[in-house]
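Place chain E on chain S using the hints.
As given, the protein sequences belong to chains S and E, one line each in that order. Letter 390 of the first sequence, counting from 1, is numbered 390 in this note's numbering, and no numbers are missing. Letter 259 of the second sequence, counting from 1, is numbered 259 in this note's numbering, and no numbers are missing.
There could be a bad hint or two in this list.
No farther apart than 30 Å at their CA atoms in a straight line, the calculated lysine-lysine pairs in the DSSO-like style are these [stated by the list, open to error]:
1) E:271 / E:284
2) S:301 / S:82
3) S:52 / S:344
4) E:148 / E:249
5) E:148 / E:243
6) S:78 / S:301
7) S:380 / E:266
8) S:37 / E:284
9) S:145 / S:255
10) S:344 / E:284
11) S:90 / S:344
12) E:209 / E:249
13) S:52 / S:37
14) S:37 / E:271
15) E:56 / E:249
16) E:284 / S:52
17) E:72 / S:255
18) S:301 / S:255
19) E:284 / E:249
20) E:148 / E:209
21) S:90 / S:301
22) S:82 / S:145
23) E:284 / E:209
24) S:90 / E:72
25) E:209 / S:301
26) E:266 / E:148
27) S:145 / E:72
Computed footprint of chain S on chain E, listed as stretches where at least three residues anywhere in the stretch have a Cβ under 8 Å from a Cβ of chain S [stated by the list, open to error]:
28) 48–55
29) 133–139
30) 154–167
31) 227–237
32) 253–262
Please keep in mind that the hints were generated in silico from the structure rather than gathered at the bench. Here the structure is a predicted model, which means the values were calculated and not measured. Glycine included, each C-beta is placed from N, C-alpha and C at the ideal position.
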Amino acid sequence: MADGDIPRTKKPLNRDPNRLGNSSIFPPHVIDDIHIKSELGRYRMRGFSLFKKIPHWDDLTFLPGTLTRFVIEGYREKCETKTVIGPRAKRPIELDIPVYVTGMSFGALSYEAKTALARGATMAGTATCSGEGGMIPDERRYSTKWFYQCIQSRYGFNPHHLVLADACEFFIGQGCKVGLGGHLMGQKVTDQVAEMRSLPAGIDQRSPARHPDWLGPDDLALKIQEIREATDWQIPIQLKLGAARVYDDVRMAVKCDPDSIYIDGMEGGTGAGPHLATEDTGVPGMAAIRQARRAIDDLGKRGEISLVYAGGIRNGADVAKAIALGADAIALGHSVMMALNCNKDIPEADYESEMGVEPGYCYHCHTGRCPVGVATQDPKLRARLNPDEAAERVYNFLHTLTIEAQLFARACGKTNIHSLEPEDLAALTMEASAMAAVPLAGTNMTVGVDDYHHL
Amino acid sequence: MAGVNAQSRGDGQEQRARDMGMTTEALSGRTQQVFFEPSEEERFTYPWAPEVDYNKRTEIDADGLTTTEVNKRLRDLMAEGYGTVVIQNPRGKHGLGVGILSRLNLIFEGSLGYFGVGLIDGPNVRITGRVGWSCAENMMAGTVVIEKNAGSTFGAAIRGGDLVCRGSVGSRTGIDMKGGTIIVGGDTGALSGFMMQRGRMVVCGNAGKNLGDSMYDGTIYVGGEIRSLGVDAVEAELTDLDKAWLTRKLRQYGLLPEQGVDHFTKVVAGKQLWNYDNLEPNEKKLIL
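Chain S with its partners taken away, still in its complex shape:
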């Protein structure tokens, strides 16, 4: 063999030239999923929000003041952040900052997580919400402003708690899994959680998707009247809708005469839900806000009925963009849980052996074995969350979101964060331009709109 003729230093190819290619429709994780489902015989559950790529907040950019607009001194001059939800009510919800903590049930979240959220929100001058499983007294005690949720299942719903509420939220749908009821896997339905919900302990709870006592908007209007009677016409009533046919849904919601409408975009998260529902239901937030705003304005209710948005809000830029598109207030679920410690590599947790994933990739809220003690009922895991420190982190995060959002408002020349408007935004992609109805950056073209100034 003439070894000396071939240079030994040649690097081998790191691909097999005989291979034709990879399937983009059936990549390995899709094939694995089919294998697992054909063993399991049912849909697969998980927590977290959707995994696939959709047009979202990163696809928008701000157009701050330069010479055509006057800017506000970035870190010094006043930029108002006070936010009112339900201004028509006798006792409207008045928040110091435009973000609040949305409803996440006791059951999905641990006692420590719920109280830490309440304390953090109170420190930041904002509100929390009970979520599905009824009120826990300490959450109410730690919250200066507290929404009580009237959800389809009515788990733990108690008129004695209703009269303690600062606002009542009707849960009609959730952006993450529009049209589906809540889920709580048996691992989290402990004796205590089961008793609060009047359920047998340990069942895989799948909540109703329809309210028991009303079916459509006509009945809902009467139900709202009933809750108003029971609360002496004092507190705001909010309707939480998953984003689907947003324009028509919001028009119907306005006709039911609530004080506030909450739209949950498809970026929203869940503690447990079918993976496919998470991926394949709902409408992205930027489209939903724009449509909801238009519906409220078309019916002449701007300034009377508030618009709250939630779903996929990660930082102050997202907050500012959502407000610019038309939201009055922003609710947070997913990202405040991360402030609590979700997916953080804390010394007590061993993600690899406990969950089988690295920190940063955990979506196993549904298993009830949250390595950081947030989405669990296990006393050993719950001990990993220090509620004092967690409350501080929640406060810090909410505060940071606010000053970040102020930064964009000031750069756009606004002395009130609620003065941000769609005109301050441009889209980076055609899709975002079409959905958010703002011009593609550097052009006068808004996809699907003939004249931007007359939508």
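Just chain E now, kept in the frame of chain S:
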């Protein structure tokens, strides 16, 4: 809100929250429910409830008043100590008598609209006419007796007390029921006891299709024919204990059939929908 006096509002709310154990109660499943000791014979009511005397009787003529005006008048009368209130000419108004959270003898001479006497805890209500949808929804305790027929979603999500309709009721009776007793003298419509969780429902007449669909738990007794059972609802043996309870409860409201209760069919949850058949490896149940 009927049932809560003026001090319970505004600054008084904090005091009320303390009364309810907000600062003292250790977290337990029975959050903020007040349980009455058998020894406390005198106090079968909440500490903040108005002192009412059943012998003090008055009337409200609801003709020409709005729902809010009637409810406010009722609240004011309770604060004045009236324990028996007759409401005349309710004329099918929606949301009458909701949110009464103390004892009261309340009589409606006529019919109610939707959501009649919803969200109540404690009063004894008698309605001489008919009621619309969702009567006594989310009732916590007390008794409600309707002399004629009732609409759909009768007693939706009720958690306690006795809810009695002497006539027939519409569909989805006792949907999401979480406790207490619903008694129907006549027939009930489709999907009665849908997703029922606890409590008992008695239908002396016939039941429509899909009775007890997806029920988690609880018991349904039907005197007549059942059109069809829903998913995971199964017939069970009527025991002597069941018969004794049925006899006592039905006699209490004068609904005991002449032939007794032996012909009743008992329906309970098959418990096949409680859990998923299979779990993924990371969904193993480690606690409980």
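Practice problem: Against the structure, test the hints numbered earlier, and report the numbers of the ones violated in rising order. | Solution: The structure breaks hints 7, 11, 19, 23, 25, 28, 31 and 32; every other hint is satisfied.
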